[in-house]
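Chemist: Sequence:
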Amino acid sequence: MKVVKVFGRGLLSMKAKRLVEEIIENFEIREDSVVFQEAMEVEFGVFKSTSSVVLGSRIGVRGFRDYTSGWLFNSSRKFLAEKRVFSSELPLIPREYRLEIDVPGSGLMELPGYRLKNGVLLLYITPEYTFSFSSDVLNAGDLKDYAQLSIRPLENGFEGTVIPNLEKADYISIEIVGKIVEDQIFFGSEAGKVRYEFLPEKLLIISHEKTLDVPKLQKALELVSIVSGHGNFVLRLKVGKAGKEMRFSVFLPGE
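Residue 288, in the numbering used here, is where the sequence shown stops; the numbers in between run on with no holes.
There are no misleading hints in this set.
Result set (BS3-like, lysine-lysine): computed pairs, CA atoms no more than 30 Å apart in a straight line: (1) K48 <-> K111; (2) K226 <-> K201; (3) K277 <-> K201.
By construction, these hints were calculated from the structure, which means they are not laboratory data. As the structure is a prediction and not an experimental result, all values here were calculated from the model.
Generate the whole structure from the sequences, applying the supplied hints.
Modeler: Right, dumping it as structure tokens:
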């Protein structure tokens, strides 16, 4: 299991870092649990956070609203407690999660885990997926401008083959669409392959409820953009400006 510590800058982040470091000294990380030296009372639940860009650089003509990077963010944070636990061992039982990060650092996270009394968070991601597509083929366009995408599920994502037939349209694009983030996974005018993977590695994210947000997690995970997790998603195939969509779902195995 990979351990990711998420802090930041400023006085509040430095205080949170100190609390996190104190906690780390008192527990052992195992494959599927965190074990403390003595029992303590914690809350189990889901940490939810969204971040949007308030200030940052943009690209394109006047009025173009896509940010290429974020300098200042508006972030919301909330831990939704489900139950209290008194134990020295905190199991990391597979649970659904959601992580969507756009290029400038905006997006959302919905991660299961534990909140300690001092606000330290022990959140985790279990990469176990079952992909369910309504069809193995997605078509878009008309007789003059046409594209077909064949889809095959993988252990941590899916792959496909793109076959275009273009006369007037300049390009084909494929996007995976989450709740608030659209991640482009193919762009071009020639036949080709596409492959998209959700997070493939078990992660334990250690941070503090007052400082953790999407841009800090993006930096800690060294991600540019991603749509990953469980629930419902959309796969969008566009031929020029015209397009078709296919919904698909991702479950924990056995559900």
